[in-house]
Structure formats: C-alpha cells, structure tokens
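Based on the hints, put chain B in the right spot on chain A.
Protein chains in written order, with my numbering: chain A, 106 to 470; chain B, 60 to 425.
For the record, the hints were derived by calculation from the structure and aren't laboratory data.
Any given hint could be a false lead.
[To be verified] Capping the alpha-carbon separation at 20 Å, the derived lysine-lysine pairs in PhoX-like fashion look like this:
1. A:Lys-313 <-> B:Lys-226
2. B:Lys-308 <-> A:Lys-313
3. B:Lys-283 <-> A:Lys-438
4. B:Lys-410 <-> B:Lys-283
5. A:Lys-438 <-> B:Lys-410
6. B:Lys-308 <-> B:Lys-379
7. A:Lys-437 <-> B:Lys-283
8. A:Lys-437 <-> B:Lys-410
9. A:Lys-258 <-> A:Lys-308
Okay, here's what each chain looks like letter by letter:
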Amino acid sequence: MATIDLEHLTLYYGRVLAVDDVSLCIADRELCVLLGPTGCGKTSTMRMIAGLETPSTGKVYLDGEVINHLYPGDRDVAMVFQDYALYPHMTVKQHFAFPLQAHKVTKAELEQRVGEVADFLQLSDLLDRYPSELSVGQQQRVAMGRALIRRPKAFLMDEPLGQLDGRTRAEMRASLKRLQQELGTTTIYVTHDQVEAQSLGDKIVVMKTGLIQQVGTPEEIYNDPANLFVAGFIGTPSMNFLECPLHVDGKVGLKNHRFEVALGPSLTQKVKDTPAERPLILGIRPEHIRLSPQDESGDLPAEVYVVESHGNEYVVNLNLGGDVIKVRRDRKKLGFRPEVGQTVWVRFLQDKIHLFDKETGARLV
Amino acid sequence: MASIRLEDICLEYRGKEVCSDVSLSVGEGELCALVGPSGCGKSVLLRIITGLIKPTSGSVYIDDQLANKVPPGNRDIAMVFQSFALYPYMTVRENWAFPLRASKLPKEEIEVRIKTVSEFLDMDPLLDRHPKQLSGGQKQRAALGRALVRRPRLFLLDEPLGSQDAKKRMELATELKKLQMDLGITTVLVTSDQIEAQALGDKVAVMDMGSLRQVGSPEEVYEKPASLFVAGFIGSPPINLLDCALERKDGQLYLTHPHFHLSLPAELAAKIEAQAQADSVVLGIRPEHIRVTADELPDSIAAQVYVLEPQSNEILVDLKVGDTVVRTRADREDLGFQPRLDQEVFMILDKEFMHVFDKATELRIH
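Excised from the complex, chain B in its bound form:
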C-alpha cells in the first residue's frame, strides 16, 4: 500500500494555469474523492499522479519517494477510465491477462490472480465474454478487474461511474466503496458529481479553476464549507446564498436584508465580530435548515409558495421572497400543513446552521 503526497503542483498549458499550487496528501488505504466542475483540473491532476502528464513545477511523492522522474509504467498504479477502455477484441479474461503478461508474470500466477479477482467481483460466468456482450455494470467490473489483477499499490479512478444511470450508480458506488475498503488500496477517485464524492470519499478534495478550495471529510465540507464556492458546490438541493449587511445596534449584531432583519446569537456574533473585515456578507443557509410555517412566528420572514416538488418522504418548497427564490426542504410529516401554490407563508432560518461569508473575499468568516 502506498501514500501519495503532492507538493505545490503547478501546470501551465499554453499560457493558462491549469493547476495552481496544488498540495494534497492521501494516506495509506484512504479513498480521496477529487471533485469539481468540468474543466477544474481534476482529471489533469490525476494524470500528473500517474505520470501521464508532467507538472511544470512541484513534486509528486509516492510512498515518500519522489516520483517525478519515474515513468508511468513503473509507478505501480492502476487506472480505471470513465469509458472503461476495455480491449474490444479480447474477452474479459484476456483483458485481465494482458497487463499481467506484459509484466512477465508466470502463467500459473496469472491464472490464480484472475480466479481470485473474478470470484471477488462475481464475474465467473462472464470471463469468456467480449465487452460488447456485457451490460454497463458488468463492463465496469471488467475494467475494475483489469486494474485489480495487477495488485497495484495505488488505484486512480476517473469518473468510473459516469456512464451509469442514477439508480445503478448508487448501487455500484456502494460496492466500489466496499471493495476499496476490503482491499485497502489507496485510491484517488475523480468525479464531477458531488453526491458521489461525499458518499465514497474518506476525504473530499474540492477543486475549482486549477486550485484546491477545501480538503476535508465529507461531513466537514458539507457542514463547514470554507468558501462560497464550496458551499454552493457541495449539497443538493444547493445552499441558499443571500447578500446581507452586518449592522451593529445596541450592542447586538444583526444581519440585514431587504426582506428581513435577524439578530445573531451571541456566540456566532462574537466569532463574526472577531473576523469580519467589512460589513458586506453573504448568508448561506441550506434548504433543510429553513422551516416553513403557515403562521407568523418570532423571527419569521414573509414569503410566498412558488414551486412545490414532492420528493420521497420530503417536499421541496421553493419560496419567493421579493425577487429571490429560496429553496427549502422538509419531511412531509414534519411540515405540519399542506402548502398550496402562491400561498402566503413564513420561513424561519435556523440560526445554529447559518454560514456567513465575507462578500469580497468569499471566505467563511467563522
């Protein structure tokens, strides 16, 4: 097993900075989910780890050994591509044997490894099929198997579940996680799907425009996003972001908005006072932390029901507050009433779960 350490990786391509000062560590046996929107540089970073792309500057350490000058084939990394890249004219068995024969492994050893991995992936009846005779999920396992038989010290997966439909994706994601945990192979998984990243990663590394924006556990990036970008990127339905001003009055700190004026609880106010550079802030509040009521209550804000979307045991209620649409989410049973379209209602923001960001720097203040 191996650990990975990236130090100040920069990649410039045609005058553009594709990766900027990326430093990241992945511990032995850890699954790091590298996530970000299209074009953020995550796939490029993955290829820098494999050695398929050379960084302009910075170091790649694999197992604490500098790997920059080591060719990809010698890094003992297995990569699984989104398109699977299975050899179409070979059977599954031959697809798996090929890299092992290339490594000049003895015939008996090759057979043992194929047998072991096949049992593990439940591919026994499919070994003699060609890729076009396999379903998407089976091709997935065939691609994984080809990487597994090599018993690499590192697994790099580039959008491995991209081609599956939503339901199948969830099932395969769980299996993939189980597999990775059982084998304990250090893994870096690239995805543009933040749901997948949270579900699979021991560690989530959020990237945007070539830089790492936050690295933390799935719970951390969700509960304590470090910037506006991370807050908006992680979580669905997305977080609500409202431009507010900080106002001090009678020793109390308030968040003011054209449609509301909220006092901040003492602890939160203290933290914000200590850190705030300016008075323009952005208030972030996740849909599940907004309560919708039919009646006016303390600290409630008037709103109008704009869209109702039932979802399993929940209901997504989009509210119109002036010109802004605020998304809320609640368990149908907890809601307590049946909202109607265009109904005048009230919303209460849960102060315990407010996120406050500096508008200029876009960074979290507390």
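This is chain A alone, in the form it adopts within the complex:
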C-alpha cells in the first residue's frame, strides 16, 4: 500500500513563495500528474515528497505516517529525472545492480531481479552497454529500470520524457502508462505538457504560481475546467475566448459590439442569478463550433483567415468581427473546403459553451 497525503504544504525560497498551501491525497496505485507552466511549484512539491526540500510548513504522509523527518534515502521512493542522471562509467547492468547493493541482497537474487527488470523494459540485449552507447529512448528506460528495481513504495518522475522527440515520446507514453498499471506502483509525475498529463494521469493536479487550480480526471479537467487558466491551458488548439457581457433584452444573450449569441433555455437558467451587463468571457473549444458555407438562421458570419490541415481534420482560423477563433473539424464531416477570404457561418454548440467571470476568472457555467 502506498498512499501519499500532502497537508498544507508551503515552500519559501527566501521570500519567494513557491508552493502555497498545497493539500492533496494520492491513492494507492494512482498515477497523479502535477501539471503547470514553469515556476508553478510542481517540481518543488515533488521535491518535498522526495525529501530533497524541507517544507516551510505542512506535512507529508506516506501510508498515513508523517515522513517530514526522514532523509530522502529512507523514504522508500524512487526518482526518475528529466536528464536521467545515468552514471557514465557504469553499464546498464551495473545501473540496475547498484541500488540493490545497498540493500544487501544475495548474488542470486540480484541476478534474478536484474534479469526481470531488463526483460520488462526490453533491455536484456543491452546490459553490457554504457550510457553513451545507448539511444535516448534506451537511456530513458535505464533510468526507469534503476528506479523500478528497488520496488519502491512510490515513483517520483520529473518530466522523464522531456528529452525525447515527438514520435518516440508518444510511444514511450503508452509504454509508461502500461508499465505503471501493470506494476501498480503509486506514481507522481511532473510535466508542463498538458497532452502528456491527459494521456497518463488517473488524476491531474493543475498548478499555477504555487497554487492548485484544479484537481480532477483528464475528462473533468477538459470538460469542466474550474477557471479561465485551466480552460486555456488544457487542450490544443486552445479554447477560444470571447469577451461578452451578459445582456438581457427579452431573451438572454451575450452581446458585445461585434456580435450577439443567444443563450438557450438551459444556459439561461444557469445564469439567472448573474447581474445583467456583467463582463463575462465566453469559452468554446474549437471542436464545438460548427461551420457552414451557407447562412443558417442564428449563425454568425466570419471570414476565413488561415486553413491548416491536421491529419484528417482542418483547423480553420476565422476572423469573427475582429476576434480570431479556431474551429477544428474532420474534413469529411465538414463537407467543404474553406478558402481564405471566404465568408462562412458559425454556430456554437449551446451545451458546450463555458462562461467565465472576467474579473475572477472563475467558471460560472
């Protein structure tokens, strides 16, 4: 069993508050991703769990026991670093054997465990190679193996796939996910890459400037972002944001000087307590906008600005009365090829509209 609990953790570097009152529960066997831009406090938080940083206040629990006082080496957590930190003078086999030597394991057991890990990571043919004789992907697996062999209570991974090129990264992601699920080891994974976070995380913790912005599953974070920051950070292409004050004039809608979007009955009900003329931001994801070459009632006209081909989709950049929005749609489903300069008609899917308070950034609907 390996649950990890963080209770009101804060960390100051001098006068700079790097981690601001972070409390979190990580369940046994969970892969929890700490996600956020550079400087958000994700690595600092992980380092406090590892014991490489001492919290200014707050407690770290492993399996219900406080571990603040334990040295990193005594915490039974294994870390995988972004740059792998492999020992240049040791072979792959030595990398795996080294952590076990401290644990006084018999020679037979050492051989057996090294063999097991090497097989698991498909490194059996490379045991006698040195790091300089390995590809980047292989080096990454050695770093993993060195952590794996210890059978720790938890893995702490700091952007372990950061060095890999796009394609290798995508492949390693799937392998890593499968590996973690087969092993069942509780894992904390730090990354700034929201694609990676969604792929890997059972739970994602979105952070910004030391504070937790939202905790949820990939689906929750994507479908129900708690605020503007999370909404804009998760998803590529990014969610479209349009400034629109609420406007009540017989029917409820969003109106700015360029366009007006009527809100259907469901959304109208949700905003009934919001004061009229309140500055709001309408958020709508690129895949939740429909395009038509003809004017259909209730649609907004927009001018095609740039058309990008992405696999089986088009990403159409549109000029909607001065705001640029992106629309993403499967080519076949779109049914026509938008041309630059063409006027097309735009409709937002009502049940996919997000409304944020412009001042606080909080989500209203």
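Chain B only, in chain A's frame:
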C-alpha cells in the same frame, strides 16, 4: 515573386549519396513544406537552392533561369535559420538594417522598410532591444523581420519553429502561414515535424534518405500515401501497418492475417487485382478508421484493451490483437462505452479507408 524548379539534383558526399535525383517545383507564392526524418537530406537540399552547397549534378532554376552558377548573395533569397542566427551585439533594428546597408540601399529607404516590417510583425516596442532581451517568439519574429526587410523573391526557412514549445509552435505556425500568404512570397520550409508540414504547406514534399518519396497537398499525402514510408511518417498517432496475404476464394478477394479474414469491397478488390504483383501485402489503417465496440458485429475482430489514453475530446485506445498492438482513436462521445483495461472488445476496420501496399516494393497498390 519567383518560382523554383529543381531538376534531377544529385549530391554525393564522401562516397555517399546525400541527394538522389531530386526534382521539385515550387510555384510563385506557394509554400512548399519539405519534410522528413533527421538526416534525410532536406536541409542540404535547401542549401543547394540557396547556393551554399553545389550539387554534384542537376539544375536549379529560379524564375526559369538557370541559377547553378549564381552566387548565393545574388540569388535574392532570404534564409531564416532554426537558431535565428541574430547578431548578438546588435539591436533588432541594427540586425535588420545590416543586410540593407550591405546592399547599399539609401538610408531613407532602409528606415521605411524597417518601419513597415516592424508594424507588420508587431515589433515596434522591441526594435531597440538586443537578442538576449527577447523571448523565443520575439527572436523568431526578429529573424523573420531581417529576412522580410530584404523583400526577397524567395524565402527559405530551416526549422524556423524548432525551438518553441508545442503550444507556442502552433500559434506561431498560424501567424507564419498568414504572413506568407499576405506577402505572397514563394517559400520553402524545412521541418522534421510532419504536423507542421501538413499545417503550413500548400504542397508537402516528403523526403527520406536523399530521395523525394511523395509530393502533394497535405490532404493527398495523408489520405493517399504513395508508400509504406509516407504512410508511416505522415500522421499522428501513426498509421497501423499489418502484414497480410491476399487470398482469392469463390470469386472474392480477401485479406488474411493470423487474427482476421476480411473480404474486400468490389471496387477496392478490382483495383488491387489489377495492380498486385504478389500476394504479400501490408494493410494500412489509420487509428481514426478503426471502430471499437463492446459487442461482436459483422467483420469485427477480437481484441483486448491494452492502454487507454484520454486526449482532449478523444480517447486513444491501444488494442492487443495477438502480439500486435493496434492503435485506435475515437471521439469519447462516439465510442458509446467506457473501455476498461484488459477488457475483451472488438474492432472493426473501415474498409473505405484501407490502404494496401505491396510488401516487397512498399508501394501503394491502388
């Protein structure tokens, strides 16, 4: 504006063929994205167009004029490098003025051009900064600006977005495309990122080991890849490639695999019959063209859920079919059920989107 025509370009270097018989045309105002894995020869080809490298044989035509003997400086080409190569001890303004002064342009004209380009690139507040005071995106624009002020007839860009993070890259790519379209400057852009190539290119030229494998619109190289290499290189997640045998039975054509036996629709079967040289083929099917269902349906193939990766509004479901891992991709809402790890499920391949390649030649059969 200028067109480019490469005819049978070959480059041999230390006994190795770096470029083999490359012929390529780029029309006026067109953006050609030259894409391929590291070491495929694309950057070398770009340098042959500029004149920085001389081909062993073959011709370079710029605006229908043979350019082989024209020195790089006289070809009226502006090149933007991946590292930007900005002069670190000059401000942005000085970086831009430098090539214009070297061309002996009058002072007033230099100022006008700098002003115009600065407004265009939104660099007004940054003109007096040094490169180290600029963010990655700003340096990018500074490098572009230095090329733009020259008003070249050709733009050659070598991995211009390479140093940006994924999100920034997408934003800059759109801006770059818009800029190129507005200015109408014939452009060749080299990248190893096939996503970028598809997004930016009017035309995509796929290269591997010194040769051009396919040249076409982004839609063409994606929807009708000419070979196994192009099929596997263009598209992410990558296409699934499965070794199959062609079998004829009772007047019908089948694709057989250790784990499935699929009849081919009449039209596809006819095309394959006409072209197939042998019976060993490779079936290509893109992840979005495989449907995953909980229940057995006609033509469905038994599989096991191996990895689940949520991605935006989609979910990538990797399935295990025997020893093979098959990647699938579906809109969460279209999937209709919540797959669980190790669950026994079924997959259906969309026959309308099958790609069949000859195993020996690796070329598309239909």
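Hints and how they fare:
1. A:Lys-313 <-> B:Lys-226: Given that 20 Å is the threshold and the Cα spacing comes to 17 Å, the pair holds.
2. B:Lys-308 <-> A:Lys-313: Not OK: B:Lys-308 and A:Lys-313 at ~63 Å, beyond 20 Å, violated.
3. B:Lys-283 <-> A:Lys-438: Holds, at roughly 18 Å.
4. B:Lys-410 <-> B:Lys-283: holds (14 Å)
5. A:Lys-438 <-> B:Lys-410: Answer holds: A:Lys-438 to B:Lys-410 is near 18 Å, not above 20 Å.
6. B:Lys-308 <-> B:Lys-379: violated (28 Å)
7. A:Lys-437 <-> B:Lys-283: With a Cα-Cα distance of about 15 Å, the restraint between A:Lys-437 and B:Lys-283 holds, given a limit of 20 Å.
8. A:Lys-437 <-> B:Lys-410: holds (16 Å)
9. A:Lys-258 <-> A:Lys-308: Satisfied, since the Cα-Cα distance of roughly 18 Å is no more than 20 Å.
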